[in-house]
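Just so we're aligned: 159 in the numbering used here is position 158 of the sequence shown, and the numbers increase by one with no gaps anywhere.
Take the hints with a grain of salt, since some may be wrong.
Claimed, not checked - Within a straight-line C-alpha distance of at most 27 Å, the following computed DSSO-like cross-link-like pairs (lysine-lysine) qualify: (1) K236 - K260; (2) K236 - K300; (3) K275 - K214; (4) K225 - K241; (5) K284 - K236; (6) K241 - K267; (7) K151 - K51; (8) K268 - K248; (9) K214 - K225; (10) K275 - K241; (11) K182 - K275; (12) K281 - K268; (13) K253 - K268; (14) K281 - K242; (15) K214 - K227; (16) K247 - K267; (17) K275 - K248; (18) K214 - K284; (19) K281 - K252; (20) K267 - K177; (21) K262 - K248; (22) K203 - K273; (23) K177 - K203; (24) K252 - K242; (25) K242 - K253; (26) K200 - K274; (27) K203 - K124; (28) K274 - K300; (29) K214 - K242.
It is worth saying that the hints were derived from the structure and are not from the lab.
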Amino acid sequence: MLKYNQKQLAFIILRRNFLMKRNVYRILGCFLFAFTLCIMTPSFAKASVKNIPQTKTSGTYTGNVDITGDGNADSVIIRTTPDQEGWYINRFTIYLNGKRTTEISLRDHDCYYLTVKYAKMSKQHTFIQIIGRGENDYVTYNEIFTYNKKSNQFRVVKSFNDHSSYAEEIVTANKKGITVKHRVQPMETGWINWTLPFKYSKQKFIRTASSTKTVRSELGQNRKDKYSRYFAKNKFITAKKVTFYKKAGSKKVAFRVPKGKAVTLKKLIYSKKKIYLQFKYGKKYGYLRVNRANYNFEKPLFQNVNSRLSG
Numbered sequence: 002m003l004k005y006n007q008k009q010l011a012f013i014i015l016r017r018n019f020l021m022k023r024n025v026y027r028i029l030g031c032f033l034f035a036f037t038l039c040i041m042t043p044s045f046a047k048a049s050v051k052n053i054p055q056t057k058t059s060g061t062y063t064g065n066v067d068i069t070g071d072g073n074a075d076s077v078i079i080r081t082t083p084d085q086e087g088w089y090i091n092r093f094t095i096y097l098n099g100k101r102t103t104e105i106s107l108r109d110h111d112c113y114y115l116t117v118k119y120a121k122m123s124k125q126h127t128f129i130q131i132i133g134r135g136e137n138d139y140v141t142y143n144e145i146f147t148y149n150k151k152s153n154q155f156r157v158v159k160s161f162n163d164h165s166s167y168a169e170e171i172v173t174a175n176k177k178g179i180t181v182k183h184r185v186q187p188m189e190t191g192w193i194n195w196t197l198p199f200k201y202s203k204q205k206f207i208r209t210a211s212s213t214k215t216v217r218s219e220l221g222q223n224r225k226d227k228y229s230r231y232f233a234k235n236k237f238i239t240a241k242k243v244t245f246y247k248k249a250g251s252k253k254v255a256f257r258v259p260k261g262k263a264v265t266l267k268k269l270i271y272s273k274k275k276i277y278l279q280f281k282y283g284k285k286y287g288y289l290r291v292n293r294a295n296y297n298f299e300k301p302l303f304q305n306v307n308s309r310l311s312g
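Generate the whole structure from the sequences, applying the supplied hints.
Shown next, in the form of structure tokens:
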């Protein structure tokens, strides 16, 4: 048996501890490196939403995204054709991997330009959204497409061309569905926006909620005054005594708010093509129907809204 003095034993113990620590650090380093690679490596299977941008060639939109579901990026090109006067877009054509697939007429939509979005819920469920905008940037055309391999065509899975839908672009996508931004300018409140969820079922998108707490006022974005500070916080100052109701569509009064008081916008309900907004006053909650056709501009509900309405 080998015998060691105290100095030799101490050296052996120190060296053994050093080697053990070095091996631990090596293992930990390999793990961290592998983990970092997993994070940094792009994955086409991941749910995502992105823009397909317009190229330097006006009226052409180009993107490399997985459309066919094989995990590889496909070349997608949307080319627009103007009308004879050159004012509006007459039609657009979709090309996939260099091949012409689908042509859509925009003759009745008065579109000046397009916004093109790509949304991926999963490897099997990918979509192209095409939004046409006209005067004052209003949405005049809005449809979501998916690609059909058998027909080599893009088919519509959701049309928002009913103007009372107020839908704009897809903002999120995951395996459960998509979230779509909506936007409208009621005369009572000015521009507001909100999001609503949609699920993909039986080859079409179906809205899964009619109410949301995501509603926000946009009136505080362009000016710097005391009212902008209120609007930025979703607050509105009453311009007269305003009556709020217990439920959306109800005639039962919840409370009345005197002129010059602040109420906070909390919730939106969209039911039967009607918009109801929930406001909070103190600890009380009540509803107003907005976007009415017969709104009286001479007796506005809220202060400093009329001057911020756009044409």
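Hint-by-hint comparison with the structure:
Taken as a hint, the K236 and K260 pair is honoured in the structure, with Cα atoms around 14 Å apart against an allowance of 27 Å. With a C-alpha separation of about 19 Å, the suggested pair K236 and K300 falls inside the 27 Å cut-off, and the hint holds. Only pairs whose Cα atoms come within 27 Å are accepted, and K275 paired with K214 is accepted, the gap being roughly 17 Å. For the hint linking K225 to K241, the alpha-carbon distance of about 24 Å falls within 27 Å, and the restraint holds.
About 15 Å separates the Cα atoms of K284 and K236, which keeps this hinted pair within 27 Å; it holds. Of the pairs offered as hints, the one joining K241 and K267 holds, with about 20 Å between alpha carbons and a cut-off of 27 Å not exceeded. A distance of roughly 26 Å separates the Cα atoms of K151 and K51; the hinted pair therefore holds under the 27 Å criterion. For the given pair, K268 sits about 12 Å from K248 by alpha-carbon distance, which is consistent with the 27 Å threshold.
Taken as a hint, the K214 and K225 pair is honoured in the structure, with Cα atoms around 26 Å apart against an allowance of 27 Å. A distance of roughly 24 Å separates the Cα atoms of K275 and K241; the hinted pair therefore holds under the 27 Å criterion. Distance check on the hinted pair: K182 and K275 sit about 17 Å apart at the alpha-carbon level, within 27 Å; holds. Among the hinted pairs, K281 with K268 is consistent with the structure: their alpha-carbon atoms are about 9 Å apart, no more than 27 Å.
For the hint linking K253 to K268, the alpha-carbon distance of about 19 Å falls within 27 Å, and the restraint holds. Distance restraint check for K281 and K242: the Cα-Cα separation of roughly 15 Å lies within the 27 Å cut-off, and the hinted pair is therefore satisfied. Distance restraint check for K214 and K227: the Cα-Cα separation of roughly 24 Å lies within the 27 Å cut-off, and the hinted pair is therefore satisfied. The suggested pairing of K247 with K267 holds, with an alpha-carbon distance near 14 Å, which does not exceed 27 Å.
Distance check on the hinted pair: K275 and K248 sit about 13 Å apart at the alpha-carbon level, within 27 Å; holds. Only pairs whose Cα atoms come within 27 Å are accepted, and K214 paired with K284 is accepted, the gap being roughly 17 Å. Between K281 and K252 the alpha-carbon distance is near 18 Å, which keeps this suggested pair within the 27 Å criterion. Taking the CA atoms of K267 and K177, the gap is about 26 Å. The hint holds against a cut of 27 Å.
Between K262 and K248 the alpha-carbon distance is near 21 Å, which keeps this suggested pair within the 27 Å criterion. Annotation: proposed proximity of K203 to K273 holds, straight-line Cα distance about 23 Å (limit 27 Å). For the hint pairing K177 with K203, the CA-to-CA distance comes to about 14 Å; that is within 27 Å, so the pair holds. At most 27 Å may separate the alpha-carbon atoms for a hinted pair to count; K252 and K242 meet this at roughly 17 Å.
Pair hint K242 plus K253 holds up; C-alpha atoms about 17 Å apart against a cutoff of 27 Å. Between K200 and K274 the CA atoms are separated by roughly 20 Å; this keeps the pair inside 27 Å, and the hint holds. For a cut-off of 27 Å, the pair hint linking K203 to K124 stands: about 17 Å separates their Cα positions. Between the alpha carbons of K274 and K300 the distance comes to roughly 25 Å, so the proposed pair stays at or under 27 Å and holds.
Proposed proximity of K214 and K242 is supported: the alpha carbons are some 25 Å apart, at most 27 Å.
No hint from the list above goes unmet by this structure.
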